[in-house]
Amino acid sequence: MIDLSAFQDALGIMFSSVGSWGWIVPGLIVGLVFSAIPGISITMAMAIVLPMSLYMDFFSAIVFLTSVYTGAGFGGSVPAILMNIPGSPSSFATTFDGYAMSKKGEHNEALGYALFASTICGIGGYLLLLLVVEPLADIVLRIGPVEMFAVAIWGMLLLGSLGSTYISRGLLAAAFGILLGTVGMNTAGFTRGTMGIPVLLDGIAPIPAMIGLLAAGQLLSLAGRDYIIEAEGAREVSVRRILKGCWGTLKFPGVLLRGSIIGIVIGAVPGVGSSIGNLIAYAETKRTAKDSATFGKGNPKGVVAAESAVASAEGGSMATMLALGIPGGGATAILIAAFMMHNIVPGPSFIETQKPMVYAIILNNIVQAIVLLAVGIGFIYVASNIVRVRTRYVLPAILVIATLGTYAVTGETAGPITLFVFALLGYALARYQYPVAAVVVGILLGRMLETEFLRSYQLSGGNPLYILERPGALAIFAVMFASLAMTAWGKRKQNKAEAEEEAAMLRLQQEDAARGAHTTASKG
Amino acid sequence: MRIGRHTYAIDYGHLTLITLIAVAIFWYLLDARSVSLSINNILLVQPVAIFALAMYLFILPQCFRKVDAREMAKAPAEQDPLSPTLPSERSDMIRMAALGISLGLMVVLLDVIGFDIALFLFTAAAMAICGERRPLHLLIFSLVVTVVAIYGFRALIPFPMFTTIL
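First to last, the sequence lines map onto chains A and B. Every letter in the first sequence is one number past the one before it in our numbering, and letter 455, counting from 1, is 455. Every letter in the second sequence is one number past the one before it in our numbering, and letter 7, counting from 1, is 7.
If you're looking for bench data, these hints aren't it; they were derived computationally from the structure. The beta-carbon is built from N, C-alpha and C at its ideal position, and this holds for glycine as well.
What the simulated footprint calls covered on chain A by chain B, stretch by stretch (three residues with Cβ under 8 angstroms from a Cβ of chain B suffice, anywhere in the stretch; the number is not a length): (1) 170 to 182; (2) 211 to 223; (3) 405 to 418; (4) 428 to 437; (5) 446 to 456.
In isolation and in its complexed conformation, chain B is listed as follows (with noise of 0.2 angstroms):
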């Protein structure tokens, strides 16, 4: 993005997540003051919540970086061992979403197609995705995983576990 002479590279992924937390807390204020403006309610929430997207005006700025201060910034962060850098290639960033998406699936599905499928499906789907390409250490492994994780919590917890073969 282009202001006067000057070459500005958007950050999206952040300005996304700023913008999403900004808005669920400004919805949770007028949540809030929909439910009453009594001062019990709105004692806390009212002045944390107003430094809050006071503090997202603030921070708006960094998502629009200069193109060459954007890359000088890179270097010393790379080198940083005390803040290490997540992971940007393209590929990297697919396994991951990938792994997110499957982890939702799982969650999602535990009480429909039960725990213990829920739970071989994405042990073999996490394992593909972080590479595992031999089918038998894909199914031994999987297996060997549900089996301890059902019977383990089965012994440990109280509350039923509903599965469709264990």
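Chain A extracted, bound-state conformation (with noise of 0.2 angstroms):
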């Protein structure tokens, strides 16, 4: 199952890249910060700090990016137990009976079950990616160009469909990213839509107008607010309770089993993630526990189900992105553009001449899962105060770095105008309720869709038929047809999953409100 020489030379790659080790923890705060502030998302925060990467060797850039988004795996559900507000929509499971423990007092043991649930599953969903990467390299070095091209559009129906309450405003956005992606001089030699600037030539941006799209877009919106969001005060904290509930989680091994395998499942599907497959894991431990009756009251098993789900969705569309080359969402599409930055391609080809280097990342980010164990006990100190921070100083100067950051990328002012461009149709897009994520993809994929289709149209000599003679192909439009079908099942059991919890959180609050009404009726 593993290539132990290619085994051997990752461990080597690891010990002889200590330097890069250091950028763990700045890694894990950063997304454990920004995952904590609701309206600030992960994939923001990964797009912010996507150029300070670029100065980095390609390793340690990695472990730096990873890092952010290990540590924001976790952060979104501090606010969620303590507050009652998601931090992330893949956080929004673990408020069902992390906030109810909170309100019986039970909020440090409540950490404790996310925090280790998070470890062990984010551990579990790595050590499966390691164990199926020798296999996957064999299956992806059969994938040709007629094939790429499948998986490609296969993920943009996905990303399009799945990304949006309507499905026609998801395609509609991942079309018009993708026809973004083909600006400029395609491989053919022809050359269109640079309305004769020089800078286009080589096509859009893709990190200035990333940032654009999915930061500086959202930032904006922030403006009418005075603080992020109206929290709670700050609760007591306590580690030996935290502690307590960490070992807690280790009683439920069948939970975070379950809750790991539809985490890694739905996680490896582009464009589902862990958003849904939190909801699909709370509501399937809910529906198989014995007692049933208490979720949605204060029961650890909810906590443990959904953030499991969530940690183990990592390694799942980590596993997508490296073997294909293709992202799950915002947050792999960052990835695959810090790639890009260092002139590496992930797909089939790096997977098969680069596993030494697949195995470190993989091995980087269990270090990273157990690291988080000690960082996320810190972190949850100050969580509940980060998000009390006022908009008129961070707003200003997530701005300003993120400006900043696209200049970084080449030196010149296009990377800020290209920016300030891709905010306004970021914040126009997210106001309409497009997907932005699919037009970030789009602009990612487009110009790789365009390549592989020119050269699946001459190996077939422009046949249609051609298809036929290329199992693998038609392999995977069965299986996009099947995963279609099978996100459209999910997505119907998401908001049903939605309804139902609402509905039980609204009948708790009734019956909560009803009792205090009773109370003080007897006392008067």
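Reconstruct the complex from the two isolated chains, following the hints.
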């Protein structure tokens, strides 16, 4: 299952680049802080720090960015537990039982459950990835241009159809992104859409466009708020009780395993990600639990199920990204951009020729999950106050960093101008519920899609029946339709689970209110 | 707008956005076709552009809603924690527009008045837009952000940054 010689080389990379380990803690802190602030997403955090990684060596850059990604997986659960506000959509299911525990005064234990479930399942997800890399490499080597094209179309369709409430808007966003990605000179030497601007000959700079769409555009919408979120006051934090929660997580191995499997499978499908995985894992755990009636009232299994799916989804999405070069969403799109900045293209050839590096990246992610345990406990101490940062200080500072970050990519003001244009576009798209991530991935994959399509056309001599000679491509198209059906099912299930949970929470609140009124009446 | 017995509300913002996108796509398609009609040029661009324009026609009716239906649609959207709606109050919109304009002015002026002055002015303007009225806070925080950003990025990147004072 594991290529031992590549594994040994990976250990060599790990120990010969000890300096890069120093980026783990700053990366985790960035991820934790950003994802704990509702309204500022993990994708924004990764987009803002992306230009900084340009001046690191490749391994350090990936270590830093994946640390941000790992930290963010847990960070969102802190406000979810303490304040009933999911820091990111992937922490939504954590609020159901996490906040209920918090109301009972068990917030330390809830945070412990969330932290340890994140750590264990984060490690589990990457261990599984470590095992499947070798067989995956054999499979992806058989992938030709037709198959690559099919996979890219599949990813785009999923991203487009799942990223928005309206499928039509998602598909328009994906198509628009692909067209933006083809601006400039294509591989056949034709130049389109440059408007005579020389900078556009190489196409739209993906990093400034990405920062504009994912970060700056969303930040503009926060201008009307005084605080990013009005939160409750800080709560008392006890390390002893957090550790008690951590230890308690081990009492639910079945919940951890089920959550991990759901997270990995759903995380590997482009466009789905942990925002659905945590809800499905929660719903499945509740459905199969003997004490399902206590879910929503502070059952720790609810927290463990939700967080295990979030943490393990990261391994699943990394598998798709490393093997096929297809990003599953905004965060992995940024990782792909980081690869490209170092002239490395993830995908079949990377996984085959750079296997030690792939193993080293996976091993480092396992280290990150372990370090998260220590950094996470420290973070909990300050987290409850972070959300009370005033917009007037955060917003200008982040926008300045984002602007200079885009200048840092090429040293031209074309970067900041691109950021501005795409910030306006990103704001407008988000305002009317278009999935911004679909546009970003389209910009990243547009050129690759066109190149693979051209190569397929040249290989087939323009005969569409050529696809019948490519069973791999046919299989991918079959998987594409199956996964579209599966994700449509998942979406329906998600909506149903959300509706059920909201109804249950509403019922609980009404019961509480009625009980409170009854007590007051009795006292009166 | 009244059509027959029904009153329709037009979402002008949405209509403008998708129309601009459709115009851009249509122009891009024409531009690509004007370069060459070779299959190597329009193999991907043409079908994707046509698909996008078809999506535009599909989305277009969503900009026109019956007034009563629109009011009903608003309520659940406000309750959905997974898709928080962006603020739409007039004062908030003015703030966002002002911040957007400030950002645009800053990126245009970076090479004209220098990174330091542009960043300082933008930070102060953004703070004021977000509600900061105390002059000392405006001055000190903007200065700190400018100095840290300029010296921090100078240490990080190999490209020169045109500055007037720093």
